[in-house]
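Protein chains in written order, with the working numbering: chain P, 1 to 280; chain X, 281 to 596; chain V, 597 to 1131.
No lab work stands behind these hints: they were computed from the structure.
Some hints could be false.
Stated by the list, open to error - Quick list of in silico lysine-lysine cross-link-like pairs, BS3-like style, CA-CA up to 27 Å:
1. V/K1064 <-> V/K1077
2. X/K357 <-> V/K1008
3. V/K883 <-> V/K778
4. V/K1008 <-> X/K555
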Amino acid sequence: MRRKLILKLKNQPLLAPSISIPFLILAIFVTGAIFAPFLATHDPNRLDLANTLLMPSRDHLLGTDNEGRDIFSRLLFGFRPTLLGAIGVVGLASIVGVFLGMVCGYFEGLIDTIVMRLWDINLAFPTLLLAFVFVACFGKSLMNVVFALGIIFMPLITRLTRSLVLTEKNKTYVEAARSLGYSHLRILFVHIFPNCIQTILVQVAISLANAILDLSALSFLGLGVQPPTADWAVMLQEGKASFLSSPVVVLAPGIAIILVIVSINILSDGLNTYQASGKE
Amino acid sequence: MALRKFFIKRLFQSIIVFLACSAIIFTLVRLSGVNPITSILGGGKETPEAIAAVRIKYHFDQPLLVQYFFWIGNIFKGNFGESYKFLQPVTTLIMERLKVTTGLILISLMITPLTAIAGGMLSAVKKNTWLDRFISISSLVMLSIPSFLTGILMIFIISTFTPGISFVGSFQNLGEFFLRLIFPAIALSLSNIAIVLRITRNKMIEQLNSNYVLNATAKGLSFRRIIFGHAFKNALSPILTIVGIQIGAMLSGTVLVENVFALPGVGSLLVDSIKASDYPVVQGLALLFIFVFVSINLIIDISYGIIDPRIRVNKS
Amino acid sequence: MKIKKALVWWFVVLLIAGTLLTGCSNSRNAATADLKTFTVGLDSDARALDPAKGYDHDTNAVLLQITEGLFAFDNSGKAVPALVKEHKAVDPKTYVYDLKDKVTFSDGSPLTADDVVFSLNRQMDPQTASDEGWMFSSVDSITKTGPLQVTVKLKAPDALLNIKLATTAGLVISQKYYGAHKDTFGKPNGGILATGPYVFEKWTSGSEIVLAKNKNYWDKSASLIFDKIVYKVITDETTRVQAFTSGQVDFIYEYPIEQVNQIKADSKLRLIYADSLCTNYLTFNTKREPFNDVNIRKAIYSAIDRDTIIKNVVPNVGVKANSLLFDKTFIGGVEDLWKDYMAKAPDYNYDLGKAKEYLSKTKVPNGFSYTLAYRDSTQKNSIALSIQQSLKELNIDVKLDKLTQEQYLANKFGNNIKNGAGDYDVLLDGWISDFPDPDGDLTPLYATSNFGPGGSNDAGYSNTTLDKILSQQISETDQGKRARLLQEAYAIASEDIPYAPLFYEKRIFGINKDLNLEISASWLYNLYFKNITSK
């Protein structure tokens, strides 16, 4: 009986290690970021020049950085700007992208041509370049970077949604809905949308990983999150100089970034397989 | 005939896209509201006469549209304008730094396909063994490490084990050039290797499972001939497409890698110019990046058109 | 099976190649310092090898070795003749300069009055958009009055004329060379030709500038120990410092204070602590409540323990400042006129009793709350925290606001003014005087006319008596009378303290231990590598 249950659980794709483990890691990091004010042992911005580059100890769980700030506390707070930013990027890109994709796919015609040509132009910008130009023109800040990345991420989601809608709209259930005289909006959002959402969500997860990568790249270059705000990429940039004397300064935020991105990537791989197996 | 028509059409489209991008960049820069005169005059105190002279010299007194045509017209004459910060032609600034960036991309282009295709094929042939899993996991990790982090770790390892490594080379001879660029190039390549590797693996597995391979095995062809003679040949063209697309991603990647390794390439020039509000350089570099990117896409499309006539029809 | 081997082989080849390359790079280490070549690490490329752009240390590092001016600052900060043999003021508005004869450009052609007139007029011409063009605002005309004689006519007397000519504004270039290279002058493909000890050889934009010894150098008494000067542009600070500590560059313009302890006694490197014209201070927004009350300013100033701040935050480089916004480095050549005054200058030494007394005279005797804003850096952070701590004694609550570079500059140059006042309470700030003269601080910071967009009077300070004295002293050519006027101005300034000086800041240069060089406070204009001697 028990054996059977375990077997059953094992075959439950959502509990497979390739989904549950990365999910758990992400959950830990996100919880840490949300409850940072309660979990942090120190003020993340509090300087203590008498105690710089300390090794990990009971008082400073991960030691201190070159300005004597507690690395553990900064690590907790440091996920917040990037996480919020990445959610902002993906949120902006998905809302606009899904809407445009659905409209273009469903109605086709002129609006489809205009939007697709616009996105062709958008895609002619190499990754990040639009973000660079944006920052150059409107100043270095997380908001500007999020806005620029949001625009950069839109075409992918638009195209995906559009192609999904294009195949869905010729299916019988849509014809049935049409013959019942439902409005276009209702058909689009009540009938077609639920059938596309799964595939879109996988793309959103992948975009989230890319958004985190791109945001940290921009912050690392000093164009995104501005010091002294605690942020992993900012910590990397600031710690770079003291790497030789105190590796924790770089390793802590470095490993954190890697863990989060690897987890998201494994998770989206896992979800892909899950989805594929579901379709079979 | 159809091919020629397709070629002209794609070329025309690319030119339109390029011009549209240039207009977007130009408008964004003018919308910024930052006063370029301050950067030109070095941020110091200035007499009204000097400010007036600068306005005329850089055409700031003209309407926006006129300024745009000045700019784009000069670009077709090979003149990208003059940097506000360094009073040199933008072309000089870019040309000097282009060799480092080109070097980085070329070395990276040598490393990436070789390693990735070798790894991907190995992984596919040895599917579901420990080796396959090891390669898959490593490629996933490689995909997830930002290149700037790889760079920092590399610098740490290099300076621990070879503390005397040169920081100040001026890239005069080929040996030195290669030495200073090999590690940055590796840092730049890792995530691309991972992407190409994963695709190679998938395509190869697809091919190995296909009927003609089974057929060939049945016919008694050697394993080696099957892999290189049939499966690999068929998997190659999608793989090369990905490599082509990755050159675009590399353009952004070099910005990060050059920053970490303190290399004088166009990427670090871009970041410096952004920080100094040096707009002619930002505009020029953005346009250069877009030009390269659009050209690569054009070449990929056209070579596809040559290989596969169906695409010509679909695209038009 | 063979395939697997072949593939594995590729991996091995790549690995070995990597290892070999690392090994090769190691052997480069053995090269010993070649003292015939002097290698300088720059943190940014030169803007242009053009006197009109000589306003930052990277550009000047190169420019000053190639060009020479009419005057030069000596190590005490006094402007002494360089290319000028004799000079006299015919009247307060007319100056006549006789040039040294037998001065030649590096191509062998002689220096004439034409070259000087051309160079100075070019700086003055708005079309040139020179960074130092403003220095000529008092000049009416510059003309040739003899083969080796130049006459400068002024619109109004200017006590600073010779001092301005000792900066990069007074550097002389060859008119003939400029004429032949009009479009490329000062650029990597055009270069520059002047009379200095080194000549332009090569400039690889973004990475390297090479100068060679001037074989025709007119000053035969100079002993030039280097055949070549090579500038390497290394923008990343960590890499630059590493290049210095590993002996790959002989000289850097700024060594980070946090890493001073890493230079050991037996090292092949030496640090030079040079005075500078940089003062760090608090700016009170005098157009805002309650900082418009001088007693508030005095209370805060008296409650700050400058000695402790210097000891903790800027050991070795901080020199305590009193109420005067300048120290001895600003008064080149006329120290004796200032000696007594500086000794007796009013001070607001750390004294909590007095601070409380001042505070009791204000509208907020029981304390209040304000925001201290500053550009984010480790140093400024620590100072701000220390001030925050000290003022708790007065029940004053200090909130800290870290500014980005843009916000900081907007505050400093009057671009953040709302309703006629800057939008800030107190700034932790600094100023570097343009010349070693008190006026380099006084007029920009205290003159009413410098409040507003583009001006640097960020305290919003205004005092008509002070304004009058400031315009008087600039036309006063008698050094003694001028010093007394400046002292009057300082008496007002240190009574009103819109700025509360904290410390003067030295700068740490790094040099190869085998070389000797004296660096003075005017280093931005007079760091000549020809003065370097070998041990």
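Against the structure, the hints come out as follows:
1. V/K1064 <-> V/K1077: Holds, because 15 Å separates the two Cα atoms, which is no more than 27 Å.
2. X/K357 <-> V/K1008: violated (41 Å)
3. V/K883 <-> V/K778: violated (49 Å)
4. V/K1008 <-> X/K555: holds (18 Å)
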